[in-house]
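Chemist: Note that the protein sequences, when read in sequence, are chains A and B.
Take 418 as the starting number for the first sequence in our numbering and just add one per residue.
Take 418 as the starting number for the second sequence in our numbering and just add one per residue.
The set of hints was computed from the structure by calculation and includes no laboratory data.
For clarity, every value in this text was computed on a predicted model and none was experimentally measured.
Treat the hints loosely; a few may be bogus.
The list makes no distinction among identical chains, and a pair is therefore deemed to hold if it is satisfied within one copy or across any two copies.
[What the hints assert, rightly or not] Derived pair list, reagent style EDC-like, types lysine to aspartate or glutamate, alpha-carbon separation capped at 20 Å:
| no. | residue 1 | residue 2 |
| --- | --- | --- |
| 1 | K504 | E523 |
| 2 | K684 | E696 |
| 3 | K728 | D797 |
| 4 | K504 | D518 |
| 5 | K684 | D749 |
| 6 | K504 | E458 |
| 7 | K516 | D618 |
| 8 | K794 | E688 |
| 9 | K516 | D503 |
| 10 | K805 | E696 |
2 protein chains.
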Amino acid sequence: MAVQTVASTGSSTVDLGPAAALSCRECGHRVPLGPVFACEECFGPLEIAYDFSGYDTEELRARIESGPANIWRYAPLLPVPANVADKPNINPGWTKLVKADNLARELGVTGGLYVKDDSGNPTHSFKDRVVAQALEAARAFGFTTLSCSSTGNLAGAVGAAAARAGFRSCVFIPHDLEQGKVVMAAVYGGELVGIEGNYDDVNRFCSELIGDPAGEGWGFVNVNLRPYYAEGSKTLAYEICEQLGWRLPDQIVVPIASGSQLTKIDKGLQELIKLGLVEDRPYKIFGAQAEGCSPVSTAFKAGHDVVRPQKPDTIAKSLAIGNPADGPYVLDIARRTGGAVEDVTDEQVVAAIKLLARTEGIFAETAGGVTVGVTKKLIDDGVLDPSKTTVVLNTGDGLKTLDAVAGTGLTATIRPTLDSFREAGLA
Amino acid sequence: MAVQTVASTGSSTVDLGPAAALSCRECGHRVPLGPVFACEECFGPLEIAYDFSGYDTEELRARIESGPANIWRYAPLLPVPANVADKPNINPGWTKLVKADNLARELGVTGGLYVKDDSGNPTHSFKDRVVAQALEAARAFGFTTLSCSSTGNLAGAVGAAAARAGFRSCVFIPHDLEQGKVVMAAVYGGELVGIEGNYDDVNRFCSELIGDPAGEGWGFVNVNLRPYYAEGSKTLAYEICEQLGWRLPDQIVVPIASGSQLTKIDKGLQELIKLGLVEDRPYKIFGAQAEGCSPVSTAFKAGHDVVRPQKPDTIAKSLAIGNPADGPYVLDIARRTGGAVEDVTDEQVVAAIKLLARTEGIFAETAGGVTVGVTKKLIDDGVLDPSKTTVVLNTGDGLKTLDAVAGTGLTATIRPTLDSFREAGLA
Numbered sequence: 418m419a420v421q422t423v424a425s426t427g428s429s430t431v432d433l434g435p436a437a438a439l440s441c442r443e444c445g446h447r448v449p450l451g452p453v454f455a456c457e458e459c460f461g462p463l464e465i466a467y468d469f470s471g472y473d474t475e476e477l478r479a480r481i482e483s484g485p486a487n488i489w490r491y492a493p494l495l496p497v498p499a500n501v502a503d504k505p506n507i508n509p510g511w512t513k514l515v516k517a518d519n520l521a522r523e524l525g526v527t528g529g530l531y532v533k534d535d536s537g538n539p540t541h542s543f544k545d546r547v548v549a550q551a552l553e554a555a556r557a558f559g560f561t562t563l564s565c566s567s568t569g570n571l572a573g574a575v576g577a578a579a580a581r582a583g584f585r586s587c588v589f590i591p592h593d594l595e596q597g598k599v600v601m602a603a604v605y606g607g608e609l610v611g612i613e614g615n616y617d618d619v620n621r622f623c624s625e626l627i628g629d630p631a632g633e634g635w636g637f638v639n640v641n642l643r644p645y646y647a648e649g650s651k652t653l654a655y656e657i658c659e660q661l662g663w664r665l666p667d668q669i670v671v672p673i674a675s676g677s678q679l680t681k682i683d684k685g686l687q688e689l690i691k692l693g694l695v696e697d698r699p700y701k702i703f704g705a706q707a708e709g710c711s712p713v714s715t716a717f718k719a720g721h722d723v724v725r726p727q728k729p730d731t732i733a734k735s736l737a738i739g740n741p742a743d744g745p746y747v748l749d750i751a752r753r754t755g756g757a758v759e760d761v762t763d764e765q766v767v768a769a770i771k772l773l774a775r776t777e778g779i780f781a782e783t784a785g786g787v788t789v790g791v792t793k794k795l796i797d798d799g800v801l802d803p804s805k806t807t808v809v810l811n812t813g814d815g816l817k818t819l820d821a822v823a824g825t826g827l828t829a830t831i832r833p834t835l836d837s838f839r840e841a842g843l844a
Numbered sequence: 418m419a420v421q422t423v424a425s426t427g428s429s430t431v432d433l434g435p436a437a438a439l440s441c442r443e444c445g446h447r448v449p450l451g452p453v454f455a456c457e458e459c460f461g462p463l464e465i466a467y468d469f470s471g472y473d474t475e476e477l478r479a480r481i482e483s484g485p486a487n488i489w490r491y492a493p494l495l496p497v498p499a500n501v502a503d504k505p506n507i508n509p510g511w512t513k514l515v516k517a518d519n520l521a522r523e524l525g526v527t528g529g530l531y532v533k534d535d536s537g538n539p540t541h542s543f544k545d546r547v548v549a550q551a552l553e554a555a556r557a558f559g560f561t562t563l564s565c566s567s568t569g570n571l572a573g574a575v576g577a578a579a580a581r582a583g584f585r586s587c588v589f590i591p592h593d594l595e596q597g598k599v600v601m602a603a604v605y606g607g608e609l610v611g612i613e614g615n616y617d618d619v620n621r622f623c624s625e626l627i628g629d630p631a632g633e634g635w636g637f638v639n640v641n642l643r644p645y646y647a648e649g650s651k652t653l654a655y656e657i658c659e660q661l662g663w664r665l666p667d668q669i670v671v672p673i674a675s676g677s678q679l680t681k682i683d684k685g686l687q688e689l690i691k692l693g694l695v696e697d698r699p700y701k702i703f704g705a706q707a708e709g710c711s712p713v714s715t716a717f718k719a720g721h722d723v724v725r726p727q728k729p730d731t732i733a734k735s736l737a738i739g740n741p742a743d744g745p746y747v748l749d750i751a752r753r754t755g756g757a758v759e760d761v762t763d764e765q766v767v768a769a770i771k772l773l774a775r776t777e778g779i780f781a782e783t784a785g786g787v788t789v790g791v792t793k794k795l796i797d798d799g800v801l802d803p804s805k806t807t808v809v810l811n812t813g814d815g816l817k818t819l820d821a822v823a824g825t826g827l828t829a830t831i832r833p834t835l836d837s838f839r840e841a842g843l844a
């Protein structure tokens, strides 16, 4: 696909708040803000570079604390205009950080265990955070259509956000997706296009479309808007620290799909430290994968710096990216912070979903089963320190992956009489 | 079923904050707080009587505003101890009040249209509000099992809240419920008992169980804890007014199942007026039903004071109560405030779900389709004033009633080529 240069977009004067430029993660080359995602010098990934100079720590803290109960409370730290909260958007975030005392008891955690429960977002996954961010970039660049390729959560998030903000949406999915997932994406009334092919074919087609005049005015949230989109995950780090009373957790367990979320959580924590909003002390970041799609975990355990692609085969479909773009960065962060990357079997995922539901009343998507399952495994193996404050991410909602726990059912069937009730041993 | 008297429970010294006593809605007879729900004098329904004396308006407002981002910010106005936020509970509420400008344009509302979106609650329905309330009463009365009869949302809310709070739960459902609904209730790991019979049989059995020694120590959230449970709906009124900047809306559209929610919203608004937290000015409350279960709407239109039971036949299952206990009170409130009760067909419910999703990115349960559909109908009929501030309730999540919009699907299917894309007219 053609790498657009910024000059051609004429978008260097956009107001995206503290976002100052795009900077190549590999070679450091800087270009003005625009709908581009790959470095023109080395083809490395571009990410947002900020100008946070001039912020007074306590003024900033007060401004955040008096902000809205969603991600826009952190507008001064995001690539969005200062008045972002006044614009129509899906307004995700400020989800619950649940003190999970029952789960802590079961896992033997004594230092405080928390679940950051992103099923509380508008379309019930963390994707609302990144899509809301991409939407603001799309608005700034004058795009009128919001698009993506997806097999699930992202389709709903894009459809909903576009509807709220008055954008056209056009979402591409494999044509043979399960009917339930199609309905969840189609209900928002945008274009929902089935592609005759698998998810790779869908992605390849989207890349072609971006380079073609037919794709002009289209913002693909996770392609040409990816640098902006990805920043949405920083808000998870901000919220966790603020909800802990402006304190870094000792340990965080994060699911790995492309790996972007984990790297942005690290970026967010580093920013809070540099801005003086939290005390500078060590923290460890742990990555969680399903065994059936564990390229990063495999590389971590083998001591490799590169990630060898895998063909996914797991019930944790929202994490099933066999060739994760940010895999090497994840390995670096896990090693640098003293964390680890681990994986669990599908059976352990299901057991962990049930464990979290039974102990905390939180019904997680399979991705949440992966993080809880990996947390348990890391504790059992002595890798994760149970005496430290630990935060586990649940990034989605169990209602979207009901099949994973389809075996769950009635504990008893009785006739509508007290005798039958007693016979069943329920009294 | 035997009506327990309070003396036998010895629970008159429980600390439930400002809750002073139970008072009969029919004859005004007062009894001490306890797990009772029917008046021993006239068998009328008991409800909470409060002692709000000694509250200073501005102190109270400041205390609420600095409270947690959930229903416990209103602890001074609820039957809960002052330290309720420190106890393990599901902590629902403080859901979004969405300014629905796109929907307003489609419906011709110029005075400001808002959707109170209770799909943002922990188990994605307003039931979390009432169950959280019942749980605190159960704790105060020393119950150790939380129970209910249910065909859907309530089962999940009880299962989740009990899990978080460390209660045993035992939920009774008809044995032949759809597998998806069974899974949503079963995942929390409590007892889930299928009763061989229909929902009426389940209810009858639960009533027997309460009067039997086998049911000792059991809190049935919507039976012996009903006076406490029902108060949870007041928080919808509190939140709407606070989110409007401590202002009463001119018009509210509320779904009717038992009718309890509508009556408690009115109670909540009246309390805010009496406490001086909002200006005393007129408001109108409108009730919404599905045509296939419209006993209250039918009575309203016929000018009757009593509600004639109906046999429900509608896709809006969460509202399908054919003999609504609070029907007469709803009629009284709709007439007294100058509101109305209206109903829509299942087709209109589906169209309204899609309308709300397409305009605001909110995927509502069928009950939300009922309120949006009724709002549209009332505007079209000149009953609801489009120049006034109007709030419409969405009480549940579309993910739980996917079947209602199962007809929604792909807008196009193409091959993964730009030619195929152009042929489909998508460029």
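Chemist: Decide, hint by hint, whether the structure agrees.
Modeler: To see whether the hints hold, each was checked on the structure:
1. K504 with E523: Answer is between: at 19 Å across copies they meet the 20 Å cutoff, but 44 Å inside does not.
2. K684 with E696: within (15 Å within a copy, 47 Å between copies)
3. K728 with D797: Answer is neither: 28 Å inside a copy and 55 Å across each miss the 20 Å cutoff.
4. K504 with D518: between (38 Å within a copy, 11 Å between copies)
5. K684 with D749: This pair counts as within: shortest intra-copy Cα distance 13 Å, inter-copy 58 Å.
6. K504 with E458: neither (35 Å within a copy, 57 Å between copies)
7. K516 with D618: neither (42 Å within a copy, 39 Å between copies)
8. K794 with E688: Neither: 30 Å inside a chain and 51 Å across chains, both beyond 20 Å.
9. K516 with D503: So K516 and D503 pass the 20 Å test across copies only (11 Å; inside, 32 Å).
10. K805 with E696: within (16 Å within a copy, 50 Å between copies)
The structure is inconsistent with the numbered hints 3, 6, 7, 8, although it conforms to all the rest.
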